[in-house]
Each structure stands twice: as structure tokens, then as C-alpha cells.
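Protein sequence lines, in the order shown, are assigned to chains A and B.
Position 397, counted from 1, in the first sequence is what numbering that gives the first Met the number 0 calls 396; the numbers after and before it change by one each time, with no gaps.
Position 16, counted from 1, in the second sequence is what numbering that gives the first Met the number 0 calls 15; the numbers after and before it change by one each time, with no gaps.
Below, a list of computed lysine-lysine pairs in the DSS-like style, where the Cα atoms sit at most 27 Å apart:
1. B:LYS436 / B:LYS457
2. B:LYS442 / B:LYS457
3. A:LYS393 / B:LYS165
4. B:LYS457 / B:LYS29
5. A:LYS393 / B:LYS29
Simulated restraints, written as ranges between beta carbons of each label pair:
6. B:ALA21 / A:LEU50: 32 to 38 Å
7. A:LEU187 / B:TRP212: 51 to 57 Å
8. A:ASP347 / B:THR67: 20 to 26 Å
Please keep in mind that the hints were generated in silico from the structure rather than gathered at the bench.
For glycine and all other residues, C-beta sits at the position ideal for the given N, C-alpha and C.
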Amino acid sequence: MMFQAPDISYLALLPLLIVFGGGLVGVAVEGFAGRSMRYPVQMPLTVLTLLAALAAVIFVAPNHRGLTAAGAVAVDGPALLLQGLVLALSTIGVLVMSERLGGSAPDAFTHAGVSVPGSAEEALATKVGATTTEVYPLTLFGVGGMMLFPMANDLIVMFIALEILSLPLYVMCGLARRRRLLSQEASLKYFLLGAFSSAFFLFGASFVYGYAGSMRFDEIAASISSEVGMDGLLLPGLLLLATGLLFKVGAVPFHAWVPDVYQGAPTPVTGFMAAVTKVAAFGALLRVFYVAGESARLDWQPVLAGVAAVTMVVGAVMSVGQNDVKRILAYSSIAHAGFILVGFLALDSAGVSGTMFYLAAYGFMTIPAFAIVTLVRSSGSEATQVAQWAGLAKTNPWIAAGFSFLLLAFTGIPLTSGFTGKFAVFSAAIANNGAWLAVVGVLASAVTAYVYFRLIVTMYFGEHTGEAVAVQASSLTTFAVAIGLLVTLGLGVMPSPMLELAQQASQFIR
Amino acid sequence: MSGVPWLSILVLIPLLGGVLVALLPRGFAKVREVALGVSLLTLVAGVVTALQFQAGGSQQFQLTETYTWIPQFGVSYAVGVDGIALAMILLGVVLVPICLLAAWDDVATGSGRRQHGYFALMLVLEALMIGVFAATDVFLFYVFFEAMLIPVYFLIGSFGGPGRAKAATTFLIYSLFGGLIMLVAVIAVYLQGPGGADGFLVERLTGLEFGTWVERLLFLGFFIAFAIKAPMWPVHTWLPHAASEARPATSVLLVGVLDKVGTFGMIRFCLQLFPDASRWAAPAVMALAVLSILIGAALAIGQRDMMRLIAYTSISHFGFIVLGIFAVTTVSTTGSTLYMVNHGFTTAALFLIAAMFIARRGSRDIMDFGGWQRVTPVIAGSLLVAGLSGLALPGLNSFVSEFMVIIGTYQRYPVYAVVGAFGVILAALYILLWYQKVATGPKPEDYASTPDMTRREKAVVAPLIAAFLFLGFYPKPALDMLEPAVGTTLQYVGVSDPAPSADAAEGSEG
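Using the sequences and the hints, build the whole thing.
If you want it as C-alpha cells, here you go:
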């Protein structure tokens with residue numbers, strides 16, 4: 000039999016090609032450009048690549064919907080919307096990463112990632128002003144993986160996308176300039192657990208392959224409805240796949256890495272990771288379970304409903320005892336993963352659009368929230384202890400007001416995107432026999448409200464100790480934060496256009 | 000739809016005024032004058048609005064405006080008033096200028112922007128308060144209901160007494176908890192209804208057929224939120240904290256107007272949307288109401304802190320209001336709505352006059368006073384008048400309403416009425432004992448030269464006492480406005496008054 004090269008619609012994949020191409024150019028720049036030239040070249044290169052890819056997602060790819068690459072990749076509404084979201088969020092994420100605070104290199108990243116923390120090597124690198132901007136191509140490769148993840152219509156492609164998005168993130172987590180040991184610990188932890196979860200995913204893929212005889216989602220779906228008689232393999236397979244994906248979104252009981260990694264990673268990377276990885280991983284989760292596993296819903300839905308409930312409760316309850324802002328946001332991210340899962344479990348188009356809306360809302364509040372964390376400093380490094388934020392409203396009213404607004408959005412107060420998102424996922428759930436999940440969800444929200452409002456209390460009603468003040472941000476961070484705040488307000492006050500978009504984009508190609 | 004959108008104008012004036020006040024330049028000397036001007040303008044607009052209203056019109060709501068807001072969720076921006084809503088709005092627009100005047104010296108001029116913030120928050124609160132009573136879309140109501148918490152939270156937390164942070168957080172968590180439970184019910188009632196792009200309108204959701212337990216659970220979802228708001232025993236414990244730590248003007252708006260959202264919501268949503276469940280729950284609710292009356296009164300007798308004392312008297316009075324609402328007779332429910340108005344004025348007077356004592360003596364403890372009628376006879380006299388209104392002396396406002404509640408309740412539930420009537424006796428105790436300890440006795444020589452009521456304070460108290468007398472001797476205009484609205488609601492509940500019901504309302508006048 001002759002090998003038939005499959006048709007590939009390159010225009011449908013154009014956004015992906017732009018991002019990977021930009022990443023490769025970035026690697027070349029890293030190798031050939033002089034030390035002082037790297038930042039001025041890399042930063043605009045990355046932002047422009049992302050914007051060009053976003054333009055391609057909006058203007059080119061929608062005209063080439065359908066399955067391509069022998070059915071391994073699907074270009075449909077959810078894929079395009081989530082890709083657009085990944086790119087938009089990455090753009091503001093990159094702006095936050097690029098904050099130099101008056102120095103010559105991005106402030107959050109180490110001068111020499113390879114050196115041992117505190118070693119002479121590191122000191123030398125700092126002294127000679129070594130500039131490593133490897134974070135830019137790494138980001139682009141990660142973004143490329145995240146864009147492929149929700150469009151993968153084949154377990155192997157999905158696994159490849161999972162690895163492409165994960166490997167750069169593992170490295171980026173270890174690049175913090177300050178508290179390097181914590182950062183490297185985060186990186187190692189994330190890597191080990193991530194590798195472990197990838198193995199689960201692969202194991203699940205092999206089970207499903209054993210059941211269906213195919214890696215493609217449409218064929219898996221077809222074999223579920225035609226009862227091929229290997230039923231014992233299907234559910235374990237699907238649940239093992241879910242394990243790999245739930246690890247990435249940080250759902251309980253696969254959440255143990257989240258607080259440590261979020262705390263240790265450079266803060267702009269944390270924001271990027273929290274927002275964008277979630278978008279990609281939920282996109283993949285949606286596709287696996289809506290396209291491939293939908294017919295077997297009665298088997299897996301109760302299990303995942305349990306996961307959603309536990310995730311909300313654990314995320315909310317564990318955040319109560321935290322006294323580090325980054326860890327609070329980490330547990331909050333776990334709780335939000337639970338809320339999104341509630342929408343995901345509705346298993347109808349309202350569930351898809353609600354999930355995607357929530358992802359957009361959450362992404363645009365998380366990146367600015369972490370960006371603000373990077374600005375609040377005490378003697379040069381980030382002041383992440385809650386106590387250090389006391390009285391911040393007196394010295395930096397705008398920062399405190401912005402952060403408080405984001406916290407209101409996290410809580411889900413009306414007229415913020417957080418409320419609209421919660422409304423969307425809870426109403427999808429209640430319409431599909433998930434009222435009990437919605438009740439658990441609102442109770443968890445009440446608990447998280449306590450945590451967020453404790454932060455507001457600290458900032459507004461606490462006595463200023465003079466310890467932490469916000470530094471003057473450059474226009475990059477300011478712009479990113481402003482965009483995030485505007486979107487958070489806009490999706491709260493006038494959510495119709497985005498809801499409309501999400502509803503139109505809620506049909507998967509099968 | 001009438002030509003001029005009066006209700007929207009009424010919301011917009013204080014909202015834009017609040018923003019304006021917040022943005023006034025830092026050293027601006029006339030912040031308070033601007034704020035007062037805005038509130039007076041709102042008052043004028045409120046009166047003009049009221050003149051457009053025709054008591055006993057054929058539609059349930061008048062001055063309606065309906066615009067599509069979020070069609071994907073079935074949400075409209077829909078406002079309109081019936082007699083009850085209009086009465087509450089008028090109460091609000093009358094009390095706000097009085098409160099601003101009373102709050103004149105709460106925050107010193109020239110302390111940065113603190114004064115700007117204080118007055119801006121009050122105006123924003125006024126806007127939300129008008130909105131919450133005017134909303135005829137359940138979702139819009141919910142948005143105002145939750146959004147209202149934020150200005151109150153900051154008013155208590157930023158400007159209150161030493162325990163403000165805890166009081167503000169307690170208030171917020173209680174309210175949010177109830178609100179979030181209600182959110183589930185809000186979503187579920189929409190899904191039970193006809194749906195569509197305007198499916199959240201109250202008129203669309205009135206008269207639905209539910210399953211028995213579905214209706215009961217939905218009723219409970221709404222009722223719990225309103226009971227916390229009202230507040231009823233046993234979920235009242237946030238109120239004494241909040242009322243004693245907040246500034247007196249904030250307490251007035253909180254207890255006098257905002258808490259009425261609870262009892263208003265019981266009439267508008269619990270009775271109207273869930274009539275069968277309301278009848279099912281009535282005995283239990285009324286039992287709680289009677290307990291609130293007695294326990295609130297007993298705790299008030301035992302209080303030494305004046306502000307807490309007033310808070311407990313309010314819990315007792317809210318018991319009467321709820322008792323009258325759930326007795327569902329024309330007389331009792333009309334009495335309750337009138338009580339809502341009267342209690343607003345009475346509590347305002349009690350809080351503000353008590354605050355005058357507290358400001359002069361520097362203590363909230365009743366035991367620190369004694370003989371003050373010899374030092375500040377006008378303040379002491381006003382306190383007595385306000386107190387007599389609180390204990391429902393014939394000729395003053397509260398008498399009419401309390402009498403109507405008890406008479407109306409007796410028609411259907413004699414036992415509740417008789418037990419509840421003991422609250423009247425307890426009221427005499429807590430008011431007169433308080434007055435006795437504060438005002439009578441030997442002249443306090445240390446404070447002999449304390450100034451009596453100032454001109455500004457007289458301007459605060461005079462309109463309140465005028466309102467007592469007017470509503471006490473001539474409640475007809477108010478009753479004419481309220482009674483048709485109550486009649487409409489009772490039709491929805493589907494109960495007729497037990498015979499004899501003729502002209503009971505007339506008989507109770509004066």
C-alpha cells in the first residue's frame with residue numbers, strides 16, 4: 000500500500016504556523032543578536048507575532064473550517080474562539096513579562112537561568128549585565144502548543160500539543176530572578192508531576208485505542224455508539240485521559256502542584272500560566288469529552304461532577320488559611336477551575352459557551368491581578384505577604400482600587416465579568432440537572448468572598464506599615480492592567496457581544 | 000412606556016453625582032455642598048416622578064421602561080413602580096439629604112480625598128437603592144441587590160468605628176451568602192418560566208405553575224436572602240455590629256432603607272412569584288417573625304450601647320413587618336408596607352439623635368449619661384418624640400401601621416397577633432427606660448456647658464418629626480398609594496380577606 004500524504008489546509012493552520020515561525024526566529028535572535036539588542040528585538044517580535052497570529056485567527060482561519068491533516072486537527076468554532084483567547088491573553092501576558100522597571104532586562108527574570116542560585120557564576124552574570132531573553136521564544140512555543148491543544152482531534156496530536164505547551168512552561172517557572180531556589184523548586188515540582196500526568200494521559204490514550212481501534216475522536220465516538228464489546232477499557236481510558244487534562248487545569252485531587260508552582264514561578268509567568276494554560280486545557284477537555292466521549296456520558300459524568308464539587312470546596316476552603324497573595328490567587332485558581340468544570344459538565348451548547356465565556360472572564364482578571372502583584376514591592380522584591388499590603392490604599396489608591404475591582408470580579412459581584420461568568424456556568428448546570436453543583440458552587444463562592452474581602456480589608460482598612468509600596472510601572476504593565484480591567488468591567492456590564500460570539504462558536508465539528 | 004424615563008433619570012442623577020463628587024479636585028472646599036445639592040436634585044426629581052404616578056392604575060407597574068440588556072440570558076433593563084416601590088423610593092430620596100446633612104462633619108475637610116469618597120459612596124448608594132426598588136426584572140433586581148453591598152461595605156469599613164473591619168466583613172459575608180443562595184433560585188426560576196429574551200421580567204414569571212417542592216425550594220432560596228437582609232431572628236446577628244460600628248448616617252441608610260429590600264422582596268418576589276409556597280411557609284415565617292419581635296425587644300431592653308439598642312429595636316420592628324406581610328390580609332399587609340415607611344423615619348430620627356448625644360459625650364454607653372435634659376433640652380426632647388414614635392404612640396406615625404398589622408393579623412391568625420402584641424409593651428420598656436437613663440436625673444456638672452442642638456442638627460431633625468406627625472395624623476395619601484399595590488399582590492397570592500374585612504383600614508386611622 001502506498002502511503003498517501005494527507006491534505007493539509009495550511010491556511011487553516013496559519014495562526015499556528017505564524018506562532019511557531021516567530022518562535023524559531025526568536026531562537027535565532029537569541030543566538031545571533033548582541034546582548035544589548037536582544038530585548039529591543041525580542042519584545043516587539045513576540046508581540047507582533049502574537050498579534051499577527053490573532054489577525055490570522057480572526058480573518059483567515061474561519062474561512063477554512065473543517066477537519067484537516069487527515070482528521071487529526073479540527074478547525075471549528077470552539078477551536079478558533081479559544082485560539083483567539085489564547086493569543087489575546089498571551090499578548091497582555093507578554094507585556095507584563097516585559098516590564099523592566101527602568102532596568103535593561105525584564106525585571107522578573109534571572110540574568111542567567113543555568114547558574115546555581117547564589118553562586119559566583121550568577122553574581123558574575125548579574126555584574127556583566129548578562130541578558131537572557133529566552134523567555135520570549137519559550138513563550139511563543141508554549142503558546143503554539145496551547146493553540147494546538149484545543150484543536151487536536153486525535154489523541155496523539157493532543158499529546159504532542161500537551162508536551163509542546165508543557166516543556167516551555169517548566170523552564171519558564173525556573174527563571175525567577177529573586178527567590179531563585181523557590182523558583183527552581185517550583186520548576187522541578189511542576190516538571191515531575193507534569194511528566195507523571197502526561198504518562199497518565201498516554202496510558203489512557205492506549206486504553207481508548209484498545210477500545211476503539213483509533214486515536215481519532217470521531218471514530219472513538221462512533222465505536223462507543225456501535226458497542227464494540229470492549230467496554231471494560233473505555234471508562235478507565237477516558238478517566239485516565241481526564242487525569243492528564245485535569246492536572247493541567249489544577250482540579251482536585253490533581254492540584255497539589257498549583258500553590259507551590261504559582262508561588263515559586265516568576266509572577267508574570269504565573270499569571271500567564273494561570274490564564275492561558277487553563278484556556279487551552281479546558282479546550283482540550285471539552286473536545287475529548289464532548290466529541291469523543293459524549294455517548295458514554297452516563298459513565299464518566301458522575302465522576303467528573305464529584306471532581307468539580309471537590310475542586311470548588313477544596314479550592315475555597317484551603318484559600319482561607321493562606322497569608323501569601325500569590326498562594327491565595329493559586330487556591331482561587333483551583334476554585335475557579337471547579338466553577339468552570341460545573342459549566343463543562345452541562346454537556347450542551349450552553350455549557351460550551353458558558354465555559355468559554357468563563358475562561359475569557361477569568362483570563363482577563365488573572366493576568367492583571369498577578370501583574371499588580373509584581374508591582375507591590377518591599378525593598379526591591381515583591382511583597383507577597385498579605386500583612387505587607389496593609390494600608391496600600393493610602394499610598395497607592397489606584398493600585399488598590401484596581402486590585403480590589405479584580406477581587407470583586409473573582410468573588411462574582413454583579414457588573415463584573417466574574418458574575419456574568421458564574422451566571423453562565425451555573426445556569427447551564429441548573430438547566431441540565433446540575434442544581435446541586437450550582438449550590439455547592441455558590442457556597443464555595445461565599446467562602447472565597449471571605450478571603451478576597453480580607454485582602455480588601457487589609458488594603459483599605461489596615462494601618463499602613465510603610466513596608467510595601469507599589470513601584471511606578473512602565474506603560475507596558477499599565478496597558479496590560481488597564482486592558483484587563485476594561486474587559487472585566489465590559490464583560491460585566493455589556494456581556495452580550497461576547498456571549499453571542501461564544502454561543503455562535505459553541506458547535507464542535509465531529 | 001411614558002415619554003420621559005423618570006425612573007432612569009432618578010437612578011442616574013445620584014450615580015453621576017457620585018462620580019462627579021469623587022472626581023472633584025483634591026483641595027475643593029465645597030464637596031459637601033455639591034453632594035447635598037445632588038441629593039436635593041434627586042429629591043426634586045423623586046417628587047416629580049411621584050406626581051406622574053396614578054394611584055390605583057390598571058397596570059401593576061407604572062412609569063415603566065424596558066430595554067433589552069443581555070438577551071442571551073433573558074435579561075432586560077426594566078424598571079417600573081407600584082405604590083410600594085414608589086413609597087420606598089420616596090423614603091430613600093427624602094432620607095439621603097437628611098443623612099448627608101447629619102454626616103456633615105463626619106469626615107474632616109482637607110484630609111486628602113477621604114471626604115470626597117465618603118459623600119460619593121453615599122450618593123452611589125442612593126442610586127443603587129432607587130434601582131433596587133424600581134427593578135421589574137428579577138436579574139436586574141439581583142444586580143442592584145448585590146451591587147448595593149459594595150458601597151455599604153466601604154462606608155462601614157473605611158469610615159466606621161474601631162471594630163469597623165470586622166463589622167463590615169460580617170455584614171458582607173452574611174449578605175453575600177444569602178444573595179448567592181438567591182442566585183441559584185434566580186437562575187432556576189428563569190428556567191421554570193417561559194424563557195426567551197425577556198424571560199426575567201417579573202410579569203413573565205408571575206403566575207407560573209411549579210411542582211410543589213420546586214416552588215418551595217425556590218421560595219426558600221429567595222426567602223433566606225430576604226430574611227438575612229431584613230434581618231430576622233436567627234440571622235440578625237450582623238446588624239448590631241454593623242449599626243454600632245458604622246457612622247450614624249450610614250446606619251440610617253442601612254437600617255432605614257436598605258434592609259427594607261428584604262421585606263420589599265418578600266412582597267414582590269416571595270408572595271407574587273411563589274404564592275402556594277408562601278401560604279405553605281406562612282405559619283413558620285410568622286412564628287419566626289413573632290420571635291424576632293420578642294427577642295429583638297428583649298435584647299434591646301438589655302442593651303447599654305445606644306446604637307446596638309436601636310439596632311435591636313429595628314429587629315423587633317422588622318418582626319412586625321414580616322408578620323403583617325405573611326398574614327396576607329389587606330389590612331395587615333398594607334400596614335406592613337406603611338410600617339416600612341414609618342420605620343425608616345423613626346429609625347433615622349433615633350440613630351441621628353442618639354448620635355448627637357454620643358458626639359457630645361464621647362460614649363455610646365447609656366450608663367455614662369443621666370440628666371441631659373437639663374443640659375441639652377432640645378436634643379432630649381427630640382429623642383423623646385422619636386422614642387414615642389418608636390413605641391407607637393397614637394398620633395405618631397408608627398401607631399397607625401403597628402395597629403393595622405396587629406388588627407389585620409388577628410383576622411386570620413389571632414394567636415400570632417396576641418403574642419406579637421406583647422412587643423408593644425416591651426417597646427414601651429426599652430424606649431422609656433433608655434430615655435429615663437439618658438435624660439432624667441441630676442444635671443451632669445462635667446458637661447454643663449455642652450451646646451444644645453445646632454442649626455444644622457435642627458435642620459436634620461425637623462423634617463423627620465414633621466414626617467412623624469404627618470403620617471400619624473393623615474396617613475391617607477400614603478395608604479392610598481400603598482393599598483392598591485398590596486391588593487394586586489394579594490390577588491396573585493389568591494387569598495381573600497376573612498370576613499369581616501370592610502373598611503378596616505379606614506377604621507384604624509388616627
